[in-house]
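K.L.:
Below, each chain spelled out in residue letters.
2 protein chains.
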Amino acid sequence: MNTGYFPAPVEDRYFEDYVPGIIHRFGEISVEQAEVIAFASRYDPQSIHTDPEAALNGPFNGLIASGWMTAGLMMRLYCQHYLSAVASLASPGIDELRWLRPVRPGDTLSIQVTVKDARRSRTKPDRGIVTSYVEVMNQADEPVMTFTAMNMLLCRGA
Amino acid sequence: MNTGYFPAPVEDRYFEDYVPGIIHRFGEISVEQAEVIAFASRYDPQSIHTDPEAALNGPFNGLIASGWMTAGLMMRLYCQHYLSAVASLASPGIDELRWLRPVRPGDTLSIQVTVKDARRSRTKPDRGIVTSYVEVMNQADEPVMTFTAMNMLLCRGA
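Just so you know, the sequences run in chain order W and U. Start counting the first sequence at 1; every next residue gets the next number (the UniProt record's numbering). Start counting the second sequence at 1; every next residue gets the next number (the UniProt record's numbering).
If we strip away everything but chain W, and leave its shape as in the complex, we get (with noise of 0.2 Å):
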């Protein structure tokens, strides 16, 4: 997938590199029945995260991943991919998470992120508010999760 737009890689990208219009796409990642099942068993304990024969008879005729660990694996992307390693400061919050589809074991997800705005902070010149549209899709190319991420980021130098 392309990664090509951003100047820097991940250990040398800073608040300045993130410009608003740009769309990136990462991944894949696979969804593994035995991680569907662990992640739900500690973190969201339904059977129809949890139990295949159950999850048969449930709304989704099967079983989906927990929309928690679709989060999870998007962050994995997002993280390798997308946010500075050494500019990070913190996440303030995401909004308007949607789960669209189900998520199923063996399905194939990948992320694409656009560059909604970025904001230097008039507090704090050294850092800004990094404002991100985040789609993951499915190996369809339909989008399974959708959120606006917002990350505070240092200024290259700062």
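Some hints here could point you the wrong way.
To be verified - Ranges between beta-carbon positions, derived for each pair:
#1 U:122 <-> W:124: 29 to 35 Å
#2 W:126 <-> U:124: 32 to 38 Å
#3 W:86 <-> U:126: 50 to 56 Å
#4 U:23 <-> W:51: 28 to 34 Å
#5 U:85 <-> W:158: 34 to 40 Å
#6 W:56 <-> U:62: 43 to 49 Å
#7 W:155 <-> U:34: 33 to 39 Å
#8 W:56 <-> U:114: 31 to 37 Å
#9 U:28 <-> W:86: 34 to 40 Å
Said to hold, decoys possible - So these bits of chain W aren't anywhere near chain U, every CB distance computed over 10 Å:
#10 19
#11 24
#12 30
#13 42
#14 45
#15 47
#16 95
#17 115
#18 116
Rather than coming from a laboratory, the hints here were simulated on the basis of the structure. Idealized CB from N, CA, C, for every residue including glycine.
Assemble chain U onto chain W, guided by the hints.
P.N.:
The following block gives chain U in isolation, referenced to the frame of chain W:
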């Protein structure tokens, strides 16, 4: 904590049992360093979540849990105590997730859930959407994460 407001346990809880205005409090769950590192190594590989030594020099002066792990611990409590185990169809998504304070190994989390709205579907009258405001609190009763949840639930007898 107070789970007495619900007229029915999670195994027999339906759309009608979510009454707007009622506040529920559930927990606790502990934040363990080994789990913080293991979770982040897979789902949020940033040194502030995976490397206690490096995190000492990071923006939080020590290891903190991935915000997505905090979400996972929240979801465990939410499933165990709040969300129906028999009537939950799906969640369309969440809004305005905010990570307000760092969560550290040794912290103990609980959740406070306020039923904000319960709206029966017009097109499918056997179900409705429940909107809930979720606050994750630490042992000092400070909110560490908040968001608004949406859950689609079957009505009793559907």
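K.L.:
Look at each hint and say if it fits the structure.
P.N.:
Evaluation of the provided hints:
{"no.": "1", "hint": "U:122 <-> W:124: 29 to 35 Å", "verdict": "violated (48 Å)"}
{"no.": "2", "hint": "W:126 <-> U:124: 32 to 38 Å", "verdict": "violated (52 Å)"}
{"no.": "3", "hint": "W:86 <-> U:126: 50 to 56 Å", "verdict": "holds (52 Å)"}
{"no.": "4", "hint": "U:23 <-> W:51: 28 to 34 Å", "verdict": "holds (31 Å)"}
{"no.": "5", "hint": "U:85 <-> W:158: 34 to 40 Å", "verdict": "violated (49 Å)"}
{"no.": "6", "hint": "W:56 <-> U:62: 43 to 49 Å", "verdict": "holds (45 Å)"}
{"no.": "7", "hint": "W:155 <-> U:34: 33 to 39 Å", "verdict": "holds (35 Å)"}
{"no.": "8", "hint": "W:56 <-> U:114: 31 to 37 Å", "verdict": "holds (35 Å)"}
{"no.": "9", "hint": "U:28 <-> W:86: 34 to 40 Å", "verdict": "holds (35 Å)"}
{"no.": "10", "hint": "19", "verdict": "holds (22 Å)"}
{"no.": "11", "hint": "24", "verdict": "holds (18 Å)"}
{"no.": "12", "hint": "30", "verdict": "holds (13 Å)"}
{"no.": "13", "hint": "42", "verdict": "violated (7 Å)"}
{"no.": "14", "hint": "45", "verdict": "violated (5 Å)"}
{"no.": "15", "hint": "47", "verdict": "violated (8 Å)"}
{"no.": "16", "hint": "95", "verdict": "violated (6 Å)"}
{"no.": "17", "hint": "115", "verdict": "holds (19 Å)"}
{"no.": "18", "hint": "116", "verdict": "holds (17 Å)"}
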